[in-house]
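Kindly produce the complete structure, drawing on both the sequences and the hints.
Take a look at the letters that make up each chain.
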Amino acid sequence: MSKEPENNCAGGPHGLSRRGFISSVSAGAAASTALREANAASFQVIEAVGTVLPIQLKINGITRKIQVEPRWSLLFVIREVLGLTGTKIGCERGECGACTVLIDGKPRYACMTLAVEAQGQEITTLEGLMDGENLGPVQQAFVEEDAFQCGFCTPGQIMAVEGLLRRNASPTMEEVRVGLSGNLCRCAAYQHIFSAATRAAERKKKGGMA
Amino acid sequence: MMKPFAYLKAKTPAEALAALNSKGARIHAGGTDLLGCLHDHLFTVDKVVSISGIKEWSGMTGRPDGGLKIGCLTTIASIAASAVLKEKYAVLAQAASEVASPQLREQGTIGGNLCQRPRCWYYRGDFPCARKGGETCFAVEGENQNHAIFSNGPCFFVHPSDTAVALSALQARLTVAGPAGTRTVPIESFFLAPEKAIDRENVLEPAEILTEIHLPAPAAGARSSYRKIRSRQSWDFALTSVALWLQVDKGMVSQARCWLGGVAPAPWRAAAAEKLLAGKKLNAALAASAGQAAAEGAVPMRDNAYKVEMVKGAVEESLLRLLA
Ligand SMILES: Cc1cc2nc3c(=O)[nH]c(=O)nc-3n(C[C@H](O)[C@H](O)[C@H](O)COP(=O)(O)OP(=O)(O)OC[C@H]3O[C@@H](n4cnc5c(N)ncnc54)[C@H](O)[C@@H]3O)c2cc1C
Ligand code: FES
Ligand code: FES
Chain A
4 MSKEPENNCA
14 GGPHGLSRRG
24 FISSVSAGAA
34 ASTALREANA
44 ASFQVIEAVG
54 TVLPIQLKIN
64 GITRKIQVEP
74 RWSLLFVIRE
84 VLGLTGTKIG
94 CERGECGACT
104 VLIDGKPRYA
114 CMTLAVEAQG
124 QEITTLEGLM
134 DGENLGPVQQ
144 AFVEEDAFQC
154 GFCTPGQIMA
164 VEGLLRRNAS
174 PTMEEVRVGL
184 SGNLCRCAAY
194 QHIFSAATRA
204 AERKKKGGMA
Chain B
348 MMKPFAYLKA
358 KTPAEALAAL
368 NSKGARIHAG
378 GTDLLGCLHD
388 HLFTVDKVVS
398 ISGIKEWSGM
408 TGRPDGGLKI
418 GCLTTIASIA
428 ASAVLKEKYA
438 VLAQAASEVA
448 SPQLREQGTI
458 GGNLCQRPRC
468 WYYRGDFPCA
478 RKGGETCFAV
488 EGENQNHAIF
498 SNGPCFFVHP
508 SDTAVALSAL
518 QARLTVAGPA
528 GTRTVPIESF
538 FLAPEKAIDR
548 ENVLEPAEIL
558 TEIHLPAPAA
568 GARSSYRKIR
578 SRQSWDFALT
588 SVALWLQVDK
598 GMVSQARCWL
608 GGVAPAPWRA
618 AAAEKLLAGK
628 KLNAALAASA
638 GQAAAEGAVP
648 MRDNAYKVEM
658 VKGAVEESLL
668 RLLA
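Sequences listed follow chains A and B, in order. The opening residue of the first sequence carries number 4 in my numbering; numbering runs sequentially from there. The opening residue of the second sequence carries number 348 in my numbering; numbering runs sequentially from there.
Below, a list of computed lysine-lysine pairs in the DSS-like style, where the Cα atoms sit at most 27 Å apart: (1) B:Lys402 with B:Lys356; (2) B:Lys435 with B:Lys402; (3) B:Lys479 with B:Lys370; (4) B:Lys394 with A:Lys68; (5) B:Lys356 with A:Lys68; (6) B:Lys394 with B:Lys358; (7) A:Lys109 with B:Lys356; (8) B:Lys402 with A:Lys68; (9) A:Lys109 with B:Lys433.
No lab work stands behind these hints, which were simulated from the structure alone.
Here it is in structure tokens:
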């Protein structure tokens, strides 16, 4: 896949906000964009303050050309500029794990990463774990193990499991606990989350999606 | 949202040094501490100078004298996973494996870990504390269960870095580059007590970069360990930690180094314990007295007297485990 949608405005692609907190509509908008991922309808229009830099981010296999302020976190850009809302905003301090994405295959907090710093790396978000229209193996394992209550931490937990399994295809329960220690669950669904991780490992071995 | 800043990604050490030599510039390594500080408006920066792309400063290489050079950008995760470190400098690999969470270990660097800002909840919170230019250390009268038991004041934060404690026990030497050239600082004199400086935690000048960490060649019969006690299993800063390094010859301790974390504004040397151990055969009674000695000089605050007992127990237990 190498589609290259170009978003020529200070803040990114244009359109209507699903959640209705458009900060401002920048002038001279270059109308529609060709983003074709899950939440492509939920773009934000964001007003930049001060200097913006043109950057390219490779997210879920697609290279995006956007303009960002240096201070924008990868989390902000993924959600508010690109509309990929699978990645959640929790603490924005590196404490909860809700914003976990994979960068070059490794789990990282998108809130603690500047978007400008993520150039040249492969970024994978929750949307990137889909197997076409179907859930990928880790996502499917979470459903089967009922591994959530409110579900807010779930995208981050899934990404942390994905990252763990890419490094270690058959983790022990202790390795699962350590691997998920950067993802807090307010509902304390931990037992089910750990079971989902184990089930996900089995599913992947049986030849689920890569 | 953080306040706006300019951004420069340095490609070479020279470019980084030049960019940093201007008012309001600050280094970005992994960014995991810097972004938290900026998010909470603890200080402002005009220009963020990213050094994350400088290849020369990443990774570990052997030194001609048998020691090891660690670049400042080496990630905490790769330090924790290093077979060489696990075998020859176990205290450092163990300390790194206990830092923060898997995500932060992948991104955080050893240089950034040593230079991270304090985690005192008054400093990080909305309090005009002494370290932010105010008059008071709020921990003195306030909630001080996590604060220092070894500090002459006027500020009582505990240094948050685990690797700093381990590197102290290894007698690491740090290379510091700046506008005037390069200097070497033994880790023992890198950190600054609050009575020496209240607005920074180490000897680095604003335009200086900690570029390399050098470990001496492993000594014959040396063994080391890191033990961290925290209140939560998932991730947490140390309530108390112990970095031990012992040289043992036929069951006798010929040299001992014992450094404590979580108890002082810099790694704390338990000199009385080291002295007690040197030249003796280690047994349960000696381990217990060394634990007592390690807590010598502690002045607990209202809510942290438990740390005195924790130090005693952690040192005793670490000694017994190391020789088991
Ligand atoms: C939730 C959470 C939990 C944590 N738990 C722990 C823990 O248990 N133990 C622990 O030890 N740490 C812990 N940390 C701290 C974490 O390990 C550090 O944030 C990380 O190591 C910093 O590395 P970095 O490369 O991201 O630094 P950055 O954020 O890039 O830099 C940190 C600071 O150091 C300066 N700096 C960076 N590199 C250099 C250099 N080479 N020379 C001079 N100055 C430099 C920067 O300007 C900045 O002020 C935790 C952090 C968080 C957010
Ligand atoms: S939002 Fe990033 S760790 Fe909580
Ligand atoms: S399911 Fe509610 S926070 Fe984890």
